[in-house]
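Novice: Once you've looked at the hints, dock chain B against the given chain A.
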Amino acid sequence: MKKLILFLSLILLLSSCSVKSVDDYYNEKSSGKLTAVISVNCKTAVKYKNSKRKNADILNSYKVNFNKGDTVFTALKNACKDNKIQFEYTGSGDSLYIEGIDYLYEFDCGEHSGWEYRVNGKFPSVGCNAYKLNNGDKIEWLYTCDLGADIGNRYKGE
Amino acid sequence: MNSFKNIHPAVSFFCFFFIIFIIIFSFNPIYLIIGYLGAFLFSLTILDKKAVFKSLIFQLIIFALITVTNPLFSHNGATILFFINDNRITLEALIYGAVLGFTVTGVIIWFKCFNMVFDSERLIYLFGKIFPSLALVISMTLRFIPGFIRSFRQINTASKINGSYRLGMKRFLNSFSAVITDSMESAIITSDSMKARGYGLKGRTFYHRFKFNLRDLVYLLIFISAFIICVLFKTEFEFYPNFTLNSINVIGIISFAVLSFLPFIIELKEGVKWKYSISKI
Chain A
1 MKKLILFLSL ILLLSSCSVK SVDDYYNEKS SGKLTAVISV NCKTAVKYKN
51 SKRKNADILN SYKVNFNKGD TVFTALKNAC KDNKIQFEYT GSGDSLYIEG
101 IDYLYEFDCG EHSGWEYRVN GKFPSVGCNA YKLNNGDKIE WLYTCDLGAD
151 IGNRYKGE
Chain B
159 MNSFKNIHPA VSFFCFFFII FIIIFSFNPI YLIIGYLGAF LFSLTILDKK
209 AVFKSLIFQL IIFALITVTN PLFSHNGATI LFFINDNRIT LEALIYGAVL
259 GFTVTGVIIW FKCFNMVFDS ERLIYLFGKI FPSLALVISM TLRFIPGFIR
309 SFRQINTASK INGSYRLGMK RFLNSFSAVI TDSMESAIIT SDSMKARGYG
359 LKGRTFYHRF KFNLRDLVYL LIFISAFIIC VLFKTEFEFY PNFTLNSINV
409 IGIISFAVLS FLPFIIELKE GVKWKYSISK I
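Here the protein sequences line up with chains A and B, keeping their order.
Using the numbering used here, the letters of the first sequence map in sequence onto residues 1 to 158.
Using the numbering used here, the letters of the second sequence map in sequence onto residues 159 to 439.
Where hints are given, some of them may not hold.
[To be verified] The calculated PhoX-like cross-link candidates involving lysine-lysine, where the alpha carbons are at most 25 Å apart (straight line), are: (1) B/K287 - B/K369; (2) A/K52 - B/K392; (3) A/K3 - B/K328; (4) A/K2 - B/K328; (5) B/K328 - B/K163; (6) A/K63 - A/K132; (7) B/K427 - B/K208; (8) A/K43 - A/K20; (9) A/K3 - A/K138; (10) B/K392 - A/K49; (11) A/K43 - A/K156; (12) A/K68 - A/K52.
Source of the hints: derived by calculation from the structure; they are not laboratory data.
Bound-form chain A, shown alone:
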């Protein structure tokens, strides 16, 4: 009985995972009726001392498709998939957090570094999976080395 429960839960766990090969994953194009423009930029990391990064524009005004009700995270995921860009996140739901994009991670450029985003020129103070997108929104993912001060979003504290 114990073994059966263990076996069934293992099967359940495995069936909830979808395993895809590299080609399969990148061949599916993201779909959606609405579009947004997304850019990913890390010029602060290029300027950072001893930085090996030369290319500041990871994504430059890419038109990404999304569906109604999708969030900034979905747009980033679709854009990264279309352009074969690496990214890593942690958590889920409203508290989802982007750790790194294109091998550039938080804390790579000092202890105050990480990714922030702005939509239509404003930095929303919610997680990227809590911000619902509208058609034609302009999303920018910016890398900061100083808690947002170097990209125009100074951290004011609690």
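Specialist: Using the frame of chain A, we list chain B on its own:
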């Protein structure tokens, strides 16, 4: 025949300390492989082979577990193997996990050797004067687990023989609580008797049979210089996004090899000498 034990405790303690320090903090596959090999050969000479291979299986399981787990949680790395739920599983994360696993198994096997060489007499000799209560606690803790298992076996067998018809888990818990009571009682007795004999009082000396001679000094100098060379001449790796060798330093690698193989060589030399002198008789 246990010649590494004949070395002065302070010297062999430094040897273990340096090796385990480098294994934990270097995060370097070359050092880890050398360190593991040294420990494996050393443990073959001082432990019995059955115990070594038994612990090898345990270490393999831990190693495999860590190696497989890391890529599931870390998605950094350029060489993609496949995707699980939109997350890439990469070769670099797998290598990183393997290095992590090797660190853990290396520390386990070196601590096994450390335990074999360092009995409570040595520990109390080394730390008894500086931290009397800490040394006692450490030596009691090291002794605790084997003693606990032994007395559990005794009590469990006794309750079986006495006709305890309680089954499986119930008898286990019964014996377990008896062993806990027993070990607490013996801890109180030990501390009382230590106190009665004046342990940790000022001016009290220990009997010991360790002498610091020229050979110990030579070994100590070798260990310290090898450690310093290791720290200065680093071999550096970068794991993400591509696994690359940043700088390789043969001097550092050789000195770490000296450091981690010396216990085995000392042990082997003594063994050969022993066999040779037996054959002469």
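Novice: Work down the list of hints and note, for each, if the structure agrees.
Specialist: Consistency of the hints with the structure:
1. B/K287 - B/K369: Holds, at about 17 Å.
2. A/K52 - B/K392: Distance of about 21 Å is within 25 Å: holds.
3. A/K3 - B/K328: holds (21 Å)
4. A/K2 - B/K328: holds (18 Å)
5. B/K328 - B/K163: The hint is violated at about 44 Å.
6. A/K63 - A/K132: Given that 25 Å is the threshold and the Cα spacing comes to 17 Å, the pair holds.
7. B/K427 - B/K208: Satisfied, since the Cα-Cα distance of roughly 23 Å is no more than 25 Å.
8. A/K43 - A/K20: violated (33 Å)
9. A/K3 - A/K138: violated (53 Å)
10. B/K392 - A/K49: holds (22 Å)
11. A/K43 - A/K156: This hinted pair holds, its Cα atoms lying about 23 Å apart.
12. A/K68 - A/K52: violated (39 Å)
The structure does not agree with the numbered hints 5, 8, 9, 12 stated previously, though it agrees with the rest.
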